[in-house]
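> Here the protein sequences line up with chains S and R, keeping their order.
Add 193 to a position in the first sequence, counting from 1, and you land on the number used in the working numbering.
Add 461 to a position in the second sequence, counting from 1, and you land on the number used in the working numbering.
Keep in mind the hints are simulated off the structure, nothing from the lab.
Any given hint could turn out to be false.
What the hints assert, rightly or not - Within a straight-line C-alpha distance of at most 27 angstroms, the following computed DSSO-like cross-link-like pairs (lysine-lysine) qualify:
(1) S/K300 / S/K251
(2) R/K476 / R/K513
(3) S/K262 / S/K251
(4) S/K300 / R/K518
(5) R/K476 / S/K242
Computed from a predicted model, the values in this text were never measured in an experiment.
Listed here are the chains, written in short residue letters.
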Amino acid sequence: AQSVTQLDSQVPVFEEAPVELRCNYSSSVSVYLFWYVQYPNQGLQLLLKYLSGSTLVKGINGFEAEFNKSQTSFHLRKPSVHISDTAEYFCAVTGLLGGSEKLVFGKGTKLTVNP
Amino acid sequence: AAGVIQSPRHLIKEKRETATLKCYPIPRHDTVYWYQQGPGQDPQFLISFYEKMQSDKGSIPDRFSAQQFSDYHSELNMSSLELGDSALYFCASSEFGVNTDTQYFGPGTRLTVL
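Here chain S stands alone, though its shape is the one from the complex (with noise of 0.2 angstroms):
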């Protein structure tokens, strides 16, 4: 079984500064890994995912993670935020058993961006 921790249940920061959002599983097996966004009232976008090779991944909006077997980590973070970046960013799992698995997430973390 696979189970994700998001460390920050909420990150507030002001706009134009860098962030990280923290994220790390733990599986039995070997995983995919993503990071979905939720804009308030709206569904779950897939901002980027690990699914193998290079360890650092980029993502739309400028968003970027990286994969951390060693830690089992996988961070994502933005060098620089703006207003419409605030939002709740869920981490997800699933396992690399072939197909139709369902996605493991975290609790969130609602990150708010300031003027």
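Fit chain R to the given chain S structure using the hints.
Chain R alone, transformed into the frame defined by chain S:
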């Protein structure tokens, strides 16, 4: 690009009533997943289907049932509704074996039980 379609977007029901939520996956996607997101909570997996067969089951109450049809759309049927069923219900779809089955989510159906 076409996305996952869910209907209705909002639904208000009384306790003990029934509700049916519909999901239309992205074209060519053969796998559908249902998730429930309570207020201020993370999404929780309910059930999934691949090629019209149930592929996995999570914490779905016995009062709920679901199926996937020949055109790959799916319906989640909820009976004897309780106040605690009020939540956002997401459907996601993926294409088996393609892009490691990355799941794409619909906008959700917000169910309110009064």
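> Decide, hint by hint, whether the structure agrees.
Evaluated hints:
1. S/K300 / S/K251: Judged against 27 angstroms, a Cα distance of about 22 angstroms means the pair holds.
2. R/K476 / R/K513: 30 angstroms, violated
3. S/K262 / S/K251: Distance of about 17 angstroms is within 27 angstroms: holds.
4. S/K300 / R/K518: Roughly 21 angstroms between the alpha carbons, so the hint for S/K300 and R/K518 holds.
5. R/K476 / S/K242: 40 angstroms, violated
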